[in-house]
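Protein chains in written order, with the numbering used here: chain G, 30 to 277; chain F, 4 to 404.
Just so you know, these hints were derived from the structure itself, not from any lab.
Treat each hint with caution, since some may be false.
Said to hold, decoys possible - SDA-like mimics (lysine to any residue), calculated; alpha carbons at most 25 Å apart, straight line: (1) F:Lys267 / G:Glu183; (2) F:Lys100 / G:Gly214; (3) F:Lys267 / G:Met121; (4) F:Lys100 / G:Gly157; (5) F:Lys267 / G:Arg139; (6) F:Lys267 / G:Gly214; (7) F:Lys267 / G:Pro138; (8) F:Lys267 / G:Gly195; (9) F:Lys100 / G:Ser200; (10) F:Lys100 / G:Trp44; (11) F:Lys267 / G:Ser120; (12) F:Lys267 / G:Thr210; (13) F:Lys100 / G:Phe112; (14) F:Lys100 / G:Ser120; (15) F:Lys267 / G:Gln113; (16) F:Lys267 / G:Asn132; (17) F:Lys100 / G:Leu196; (18) F:Lys267 / G:Phe112; (19) F:Lys100 / G:His160; (20) F:Lys267 / G:Gly157; (21) F:Lys267 / G:Arg151; (22) F:Lys267 / G:Gly115; (23) F:Lys100 / G:Arg151; (24) F:Lys267 / G:Leu101; (25) F:Lys267 / G:Ala140; (26) F:Lys100 / G:Glu183; (27) F:Lys100 / G:Ala164; (28) F:Lys267 / G:Thr269; (29) F:Lys267 / G:Gly119; (30) F:Lys100 / G:Gly195; (31) F:Lys267 / G:Gln156; (32) F:Lys267 / G:Ser167.
Unchecked claim - Computed footprint of chain G on chain F; a stretch qualifies when at least three of its residues, placed anywhere within it, have a C-beta under 8 Å from a C-beta of chain G: (33) 57-68; (34) 121-132; (35) 150-164; (36) 361-371.
The model shown is predicted, which means the values in this text are computed figures rather than measured ones.
Where is the CB? At the ideal position from N, CA and C, for every residue including glycine.
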Amino acid sequence: MTTPSITVRNLTMGWDELILLEDASFDVAEGEVFAILGASGCGKSTLLRYLTGLDEPMAGTVRLAGIGAPTLEVGRPAYGVMFQSGALFGSMTVGENLALALNEWTRLPRAAVSAIVRAKLRLVGLQGSEHQYPAELSGGMTKRAAIARAMVLEPRLLFLDEPSSGLDPVSAAELDDLILTLNRGLGLTVVLVTHELPSIFAVVTQCIVLDRESRSILAQGAPRTLRDESTSSAVRNFFTRNVAKGGV
Amino acid sequence: MYERRPSGPEPAVSSSETPRGDPAQAFHITCAVTDTDPACGAAVVSVAGTLTFTNGAALWETLHAALPGDPQTALCFDLSAVDVIDGGAMALLVQTKWDRETAGARCEFVGASGATAQLLELLDGDASPTVPPARPHVGYFGQLGNRTLATLREVQLFLAFLGSMVLEVGGVLRRPRTANWKDVAPVMTRTGVDAVPIIVLITFLIGFVMAFQSAVQLKQFGANIYVADLVALSITRELGPLMVAIVVSGRSGAAFAAELGTMKVSEEIDALRTMGIGPLRFLVFPRVLALFLVMPVLTLIGDVVGILGGLVVGVVNLDITVVGYLHQTQRALDVWDVFQGLIKASVFGLAIGLISCSQGLITTGGAEGVGRRTTAAVVASLFTLILLDAAFAITLHELGL
Numbered sequence: 030m031t032t033p034s035i036t037v038r039n040l041t042m043g044w045d046e047l048i049l050l051e052d053a054s055f056d057v058a059e060g061e062v063f064a065i066l067g068a069s070g071c072g073k074s075t076l077l078r079y080l081t082g083l084d085e086p087m088a089g090t091v092r093l094a095g096i097g098a099p100t101l102e103v104g105r106p107a108y109g110v111m112f113q114s115g116a117l118f119g120s121m122t123v124g125e126n127l128a129l130a131l132n133e134w135t136r137l138p139r140a141a142v143s144a145i146v147r148a149k150l151r152l153v154g155l156q157g158s159e160h161q162y163p164a165e166l167s168g169g170m171t172k173r174a175a176i177a178r179a180m181v182l183e184p185r186l187l188f189l190d191e192p193s194s195g196l197d198p199v200s201a202a203e204l205d206d207l208i209l210t211l212n213r214g215l216g217l218t219v220v221l222v223t224h225e226l227p228s229i230f231a232v233v234t235q236c237i238v239l240d241r242e243s244r245s246i247l248a249q250g251a252p253r254t255l256r257d258e259s260t261s262s263a264v265r266n267f268f269t270r271n272v273a274k275g276g277v
Numbered sequence: 004m005y006e007r008r009p010s011g012p013e014p015a016v017s018s019s020e021t022p023r024g025d026p027a028q029a030f031h032i033t034c035a036v037t038d039t040d041p042a043c044g045a046a047v048v049s050v051a052g053t054l055t056f057t058n059g060a061a062l063w064e065t066l067h068a069a070l071p072g073d074p075q076t077a078l079c080f081d082l083s084a085v086d087v088i089d090g091g092a093m094a095l096l097v098q099t100k101w102d103r104e105t106a107g108a109r110c111e112f113v114g115a116s117g118a119t120a121q122l123l124e125l126l127d128g129d130a131s132p133t134v135p136p137a138r139p140h141v142g143y144f145g146q147l148g149n150r151t152l153a154t155l156r157e158v159q160l161f162l163a164f165l166g167s168m169v170l171e172v173g174g175v176l177r178r179p180r181t182a183n184w185k186d187v188a189p190v191m192t193r194t195g196v197d198a199v200p201i202i203v204l205i206t207f208l209i210g211f212v213m214a215f216q217s218a219v220q221l222k223q224f225g226a227n228i229y230v231a232d233l234v235a236l237s238i239t240r241e242l243g244p245l246m247v248a249i250v251v252s253g254r255s256g257a258a259f260a261a262e263l264g265t266m267k268v269s270e271e272i273d274a275l276r277t278m279g280i281g282p283l284r285f286l287v288f289p290r291v292l293a294l295f296l297v298m299p300v301l302t303l304i305g306d307v308v309g310i311l312g313g314l315v316v317g318v319v320n321l322d323i324t325v326v327g328y329l330h331q332t333q334r335a336l337d338v339w340d341v342f343q344g345l346i347k348a349s350v351f352g353l354a355i356g357l358i359s360c361s362q363g364l365i366t367t368g369g370a371e372g373v374g375r376r377t378t379a380a381v382v383a384s385l386f387t388l389i390l391l392d393a394a395f396a397i398t399l400h401e402l403g404l
């Protein structure tokens, strides 16, 4: 295993009386496409919020390589986050959404900012969308624009919350290709939350499966290995049932 | 700090920079015109070192200073000495090459290897700027016309909303069980009980200040006692209902518009409709009814507190006794004075509720739209309050009341 990009130790997750995960530890290696899996309500998106520093765990630590504990608003962000809805600012054009962080953290002249914005949009297949408003984009385009915005400060680590949910199969496959490009072409470590098993088998190299009942990580490994070789029938069922449902 | 200078004849421009926050990064650019360059046969632009978007400003500036003045000079961007480059910096190189190509120059990247080549493959291509969509120029009169039409559309929408609301109320009267009665009490608590402290403070100060200002004038004529008449009549007939309505408009009207507006943009209103539940009956009716009921109560509280504000000035500043002041107030006031203020307050409550809810229900455009509609709700409510107040004054005067 290569250097861990994320190290999670003894993490407890939940609110008040509701504990979703207890004393969990895992690593995300550099260069992986790492998925957080599990049934609805098991806390996948909550865990992602802990990893990105949006919320603090009840107990335990999260450490990002070269950063330490994830902190926000204290310096130039070292990782990019794409939210499930895209969370693009509706009052700004797509180009302005991307330029916002660049203008905040660099002193680039306007032409250079434009050049970088256009390059990011080309990278995600949205060339020509610079002057469109988020309301004018389709669901797939919104997700791509959100990924482009997350990429604008050149992060080495990218968090994606349900990137292909709500997309048609073709758009979902295109988004999978984009994730592979970012991972293999640019060497980014990608951590994603998803329910889409076709996407998991297409792009994910390692994953964890959360279990709400036992409040633990049920399994960790490569998706195909877990599907075929896991000793836990719950894990095998998780993959095979969903695979059948997903038509893989 | 690592810095590698590329070999080449007569470097024209060079730069090395240590940007703030990235002390380990440095880059170096040189440009030399070599007609006989064996690889390119063109001017060679050598780029070297660590190139990131954080030192992009210097990279951009240096690169453009280094390029030959003639935009049609063929260029060969040599990337063989690049140690590290990120997507942002590569985007700047690609854009520069594209700009020169569109000016008629032959350009190419050479010497890229490893990660640099991979990145180049991803980003090299058509870097042409997107043309913003043409927006037709609208002159002053055109703008005036558009605004007028927009205002008329708003009025049309409000009238349609009002009509629908009348039908809904008719429906509720025919089948009372279909109304959302359970929300009425909580909304009354939010808009009424919770507003009491601010109403008390404001109306007390209004009564106090009015008495204080008029006392100076009335003292000159020895008419101190008439401060009680002035305060009581002004507060009950005019200022009480109006001030309470202004506070409720800013407080509850804005809240209604924001609440319903957020529900509209997050498709909660649509979800209600798909479940066969009308938003007017389920959401608007309890809010409007609540304001209709709490406004007279708040106004009555405001009337009493406002008169108390005047009494404090009368007792402290004008040497009037408490009993004397209250007796004079009783003589000045008729039941109708208070009652007409309460009727006015209920009508104001209806207007605030209807206007705010209608603005909330026509919200579009996300968070910005919610803000716009909330502002519009308060402005339209205040405007309507003043109009209604004037209408009441004229009507009551004509009726001799």
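How the hints compare with the structure:
1. Of the pairs offered as hints, the one joining Lys267 (chain F) and Glu183 (chain G) is violated, with about 36 Å between alpha carbons and a cut-off of 25 Å exceeded.
2. Note on Lys100 (chain F) and Gly214 (chain G): the hinted pairing holds, with a Cα-Cα distance of about 22 Å set against a maximum of 25 Å.
3. Restraint check: the Cα-Cα separation between Lys267 (chain F) and Met121 (chain G) comes to about 21 Å, which is no more than 25 Å; the hinted pair holds.
4. About 19 Å separates the Cα atoms of Lys100 (chain F) and Gly157 (chain G), which keeps this hinted pair within 25 Å; it holds.
5. For the given pair, Lys267 (chain F) sits about 37 Å from Arg139 (chain G) by alpha-carbon distance, which is inconsistent with the 25 Å threshold.
6. Simply put, Lys267 (chain F) and Gly214 (chain G) have alpha-carbon atoms about 42 Å apart, too far for the 25 Å limit, and the pair is violated.
7. Pair hint Lys267 (chain F) plus Pro138 (chain G) does not hold up; C-alpha atoms about 40 Å apart against a cutoff of 25 Å.
8. For the hint linking Lys267 (chain F) to Gly195 (chain G), the alpha-carbon distance of about 21 Å falls within 25 Å, and the restraint holds.
9. Of the supplied pair hints, the one linking Lys100 (chain F) and Ser200 (chain G) is violated, its CA atoms being roughly 32 Å apart against a limit of 25 Å.
10. The suggested pairing of Lys100 (chain F) with Trp44 (chain G) is violated, with an alpha-carbon distance near 54 Å, which exceeds 25 Å.
11. Distance restraint check for Lys267 (chain F) and Ser120 (chain G): the Cα-Cα separation of roughly 17 Å lies within the 25 Å cut-off, and the hinted pair is therefore satisfied.
12. Note on Lys267 (chain F) and Thr210 (chain G): the hinted pairing is violated, with a Cα-Cα distance of about 38 Å set against a maximum of 25 Å.
13. Restraint check: the Cα-Cα separation between Lys100 (chain F) and Phe112 (chain G) comes to about 34 Å, which exceeds 25 Å; the hinted pair is violated.
14. This hinted pair does not check out: Lys100 (chain F) and Ser120 (chain G) have alpha carbons roughly 33 Å apart, beyond 25 Å.
15. Distance restraint check for Lys267 (chain F) and Gln113 (chain G): the Cα-Cα separation of roughly 20 Å lies within the 25 Å cut-off, and the hinted pair is therefore satisfied.
16. With a CA separation close to 33 Å, the supplied pair Lys267 (chain F) and Asn132 (chain G) exceeds the 25 Å bound.
17. Under the criterion of a C-alpha separation no larger than 25 Å, the hint pairing Lys100 (chain F) with Leu196 (chain G) is inconsistent with the structure, at around 36 Å.
18. Proposed proximity of Lys267 (chain F) and Phe112 (chain G) is supported: the alpha carbons are some 21 Å apart, at most 25 Å.
19. The hinted pair formed by Lys100 (chain F) and His160 (chain G) meets the criterion: a straight-line CA distance of about 23 Å does not exceed 25 Å.
20. A hinted pair counts as satisfied when its Cα atoms are at most 25 Å apart, and Lys267 (chain F) with Gly157 (chain G) does not qualify at roughly 31 Å.
21. A distance of roughly 34 Å separates the Cα atoms of Lys267 (chain F) and Arg151 (chain G); the hinted pair therefore is violated under the 25 Å criterion.
22. Between the alpha carbons of Lys267 (chain F) and Gly115 (chain G) the distance comes to roughly 19 Å, so the proposed pair stays at or under 25 Å and holds.
23. Restraint check for Lys100 (chain F) and Arg151 (chain G): the C-alpha separation of about 16 Å stays at or below 25 Å, so the hint holds.
24. For the suggested pair Lys267 (chain F) and Leu101 (chain G), the alpha carbons sit about 31 Å apart, so the restraint of at most 25 Å is broken.
25. Annotation: proposed proximity of Lys267 (chain F) to Ala140 (chain G) is violated, straight-line Cα distance about 39 Å (limit 25 Å).
26. Only pairs whose Cα atoms come within 25 Å are accepted, and Lys100 (chain F) paired with Glu183 (chain G) is accepted, the gap being roughly 21 Å.
27. A C-alpha spacing of about 33 Å is found between Lys100 (chain F) and Ala164 (chain G), which places the hinted pair above 25 Å, so the restraint is violated.
28. With a CA separation close to 39 Å, the supplied pair Lys267 (chain F) and Thr269 (chain G) exceeds the 25 Å bound.
29. Of the supplied pair hints, the one linking Lys267 (chain F) and Gly119 (chain G) holds, its CA atoms being roughly 15 Å apart against a limit of 25 Å.
30. A hinted pair counts as satisfied when its Cα atoms are at most 25 Å apart, and Lys100 (chain F) with Gly195 (chain G) does not qualify at roughly 39 Å.
31. Pair hint Lys267 (chain F) plus Gln156 (chain G) does not hold up; C-alpha atoms about 32 Å apart against a cutoff of 25 Å.
32. The hinted pair formed by Lys267 (chain F) and Ser167 (chain G) meets the criterion: a straight-line CA distance of about 20 Å does not exceed 25 Å.
33. Check on the stretch 57-68 of chain F: 5 of its residues sit with their Cβ under 8 Å from a Cβ of chain G, so the three-residue criterion for coverage holds.
34. For the stretch 121-132 of chain F, the stated coverage by chain G is satisfied: 9 residues place a CB nearer than 8 Å to a CB of that chain, which reaches the threshold of 3.
35. Three residues within the 8 Å Cβ limit are the bar, and the stretch 150-164 of chain F against chain G gives 0, so the coverage statement is violated.
36. With a cut-off of 8 Å between beta carbons, the stretch 361-371 of chain F has 4 residues touching chain G; three or more are needed, and the interface restraint holds.
The structure is inconsistent with the numbered hints 1, 5, 6, 7, 9, 10, 12, 13, 14, 16, 17, 20, 21, 24, 25, 27, 28, 30, 31, 35, although it conforms to all the rest.
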